[in-house]
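Enquirer: So you can see what is in the structure, the chains are spelled out below.
2 protein chains.
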Amino acid sequence: MINPLLIHIEKICSIKINETDLFDSFFEHKIYKKKEFLLIEGQQCFEKFFIIKGCVHLFFLRENGTEQTIDFALENWWASDFNAFSGGGITQFSIRTTENTEVLCISAENQNKLLRQIPEMNLYFHLVFQRAYAASQMRVRYLYEYSKEELYQHFLFDFPEFTQRVPQYLLASFLGFTPEYLSEIRKKYLS
Amino acid sequence: MINPLLIHIEKICSIKINETDLFDSFFEHKIYKKKEFLLIEGQQCFEKFFIIKGCVHLFFLRENGTEQTIDFALENWWASDFNAFSGGGITQFSIRTTENTEVLCISAENQNKLLRQIPEMNLYFHLVFQRAYAASQMRVRYLYEYSKEELYQHFLFDFPEFTQRVPQYLLASFLGFTPEYLSEIRKKYLS
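As you go down the protein sequences, you meet chains A and B in turn. Going by numbering that gives the first Met the number 0, the letters in the first sequence line up with residues 0 to 190, in that order. Going by numbering that gives the first Met the number 0, the letters in the second sequence line up with residues 0 to 190, in that order.
These aren't lab readings, by the way, just hints derived from the structure by calculation. Remember, it's a predicted structure, so these values are computed and weren't measured experimentally. Please note that the accuracy of each hint is not assured.
Copies of the same chain look alike in the list, so a pair counts if it works inside one copy or between any two.
Subject to a maximum C-alpha distance of 25 Å in a straight line, what follows is the list of computed DSS-like cross-link-like pairs (lysine-lysine) [stated by the list, open to error]:
1. K29 to K10
2. K52 to K32
3. K112 to K29
4. K34 to K52
5. K112 to K10
6. K112 to K15
7. K147 to K186
8. K147 to K187
9. K29 to K52
Please build the complete structure, drawing on both the sequences and the hints.
Expert: Below is the structure:
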């Protein structure tokens with residue numbers, strides 16, 4: 000069940016990891032139903048998750064008790080609270096599936112062992128995080144540059160399938176809209 | 000002149016790079032005066048910069064011609080448009096010094112050679128980008144969670160020296176304030 004990750008590694012950095020038995024011993028294959036939690040805000044975070052199939056959202060609880068979604072992860076993305084993961088600390092985010100989801104999960108402890116045994120994996124993680132950080136630079140630019148409606152247009156243009164796939168109330172939360180406002184501008188752009 | 004980077008590498012991932020002569024051949028030591036450009040929006044980006052001494056800000060030009068600062072980098076941070084750097088593409092950001100600044104600069108081509116010759120450097124970059132991405136997760140949370148005034152309070156609390164060091168009009172731009180508004184709340188918190 001490790002294949003999707005091996006394929007992703009080869010795609011990102013042209014490394015063939017052949018030691019699949021070894022590899023298997025570091026990762027755990029987990030299956031979650033829709034709306035199950037991978038991580039709960041306020042608990043310790045020891046793991047990070049590679050999405051094989053499905054979708055998750057990352058959110059935090061506002062003081063008024065509403066959930067604020069700040070990110071999504073689909074197939075071939077890694078999800079975690081990386082601050083907490085790297086230090087074994089308390090997470091400031093929850094992660095929950097938005098559909099039935101399969102992941103490969105690795106603990107910080109197992110990752111350290113993996114990196115010692117297969118150091119080439121550092122090239123993979125270097126490039127994965129560089130890409131994620133580059134995406135976050137562009138995202139911050141968009142947050143400063145665009146109105147809410149323009150943000151939605153960009154999102155629709157850059158990730159058309161995704162916009163259909165995630166629950167609309169979560170997309171509204173992510174974009175900082177009320178669900179009613181999102182529904183209004185959806186009608187405008189889809190008509 | 001490579002020492003500050005070697006010290007940072009040892010601090011981040013406990014690796015001692017002894018091959019300093021080799022190392023020197025990949026990096027270029029550059030000195031910039033205050034307000035000089037390291038990178039100009041719209042040009043190709045082939046390099047990334049390790050700040051030895053000084054400070055830079057990353058910004059883009061709004062349609063109305065004003066500069067929007069979205070990030071700063073001080074000593075021991077890496078700065079670039081990482082999307083453009085990784086693909087040799089056109090940068091969507093400018094980088095300019097806010098004080099006299101010394102950097103170590105490496106081209107994408109030299110980085111590829113470096114990683115082949117000293118593959119341990121991938122562990123360093125893996126951890127550096129993980130840290131940068133983790134910081135951007137928290138930053139996005141703050142952008143959703145806090146009012147402008149609360150953002151300033153957090154910034155003042157988390158980075159007190161920094162708040163004194165960068166020009167106030169750039170800090171205002173970064174925080175999404177007018178300079179007048181920043182001056183008003185500065186008076187309030189510093190009195």
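Enquirer: Classify it for me, K29 with K52: is the Cα-Cα distance of at most 25 Å met within a copy, between copies, both or neither?
Expert: within (11 Å within a copy, 46 Å between copies)
Enquirer: Have a look at K147 and K186 and pick one of within, between, both or neither, based on CA distance no larger than 25 Å.
Expert: within (15 Å within a copy, 32 Å between copies)
Enquirer: Have a look at K147 and K187 and pick one of within, between, both or neither, based on CA distance no larger than 25 Å.
Expert: within (14 Å within a copy, 31 Å between copies)
Enquirer: Go through the copies and call it for K29 and K10: within, between, both or neither, with a Cα cutoff of 25 Å.
Expert: Within one copy only: 23 Å inside, 35 Å across.
Enquirer: Evaluate K52 and K32 at a C-alpha cut-off of 25 Å and name the case that applies: within, between, both or neither.
Expert: within (12 Å within a copy, 50 Å between copies)
Enquirer: Can you give me the call for K34 and K52, within, between, both or neither, at a CA distance of at most 25 Å?
Expert: within (14 Å within a copy, 48 Å between copies)
Enquirer: Checking an output row: K112 and K29, CA cutoff 25 Å. Within, between, both or neither?
Expert: within (20 Å within a copy, 38 Å between copies)
Enquirer: At 25 Å max between alpha carbons, let me know whether K112 reaches K10 within a copy, between copies, both or neither.
Expert: Both: 23 Å inside a chain and 20 Å across chains, each within 25 Å.
Enquirer: Between copies, within a copy, both or neither: which fits K112 and K15 at Cα up to 25 Å?
Expert: both (19 Å within a copy, 20 Å between copies)
Figure legend: structure checked against the earlier numbered hints; every hint is met.
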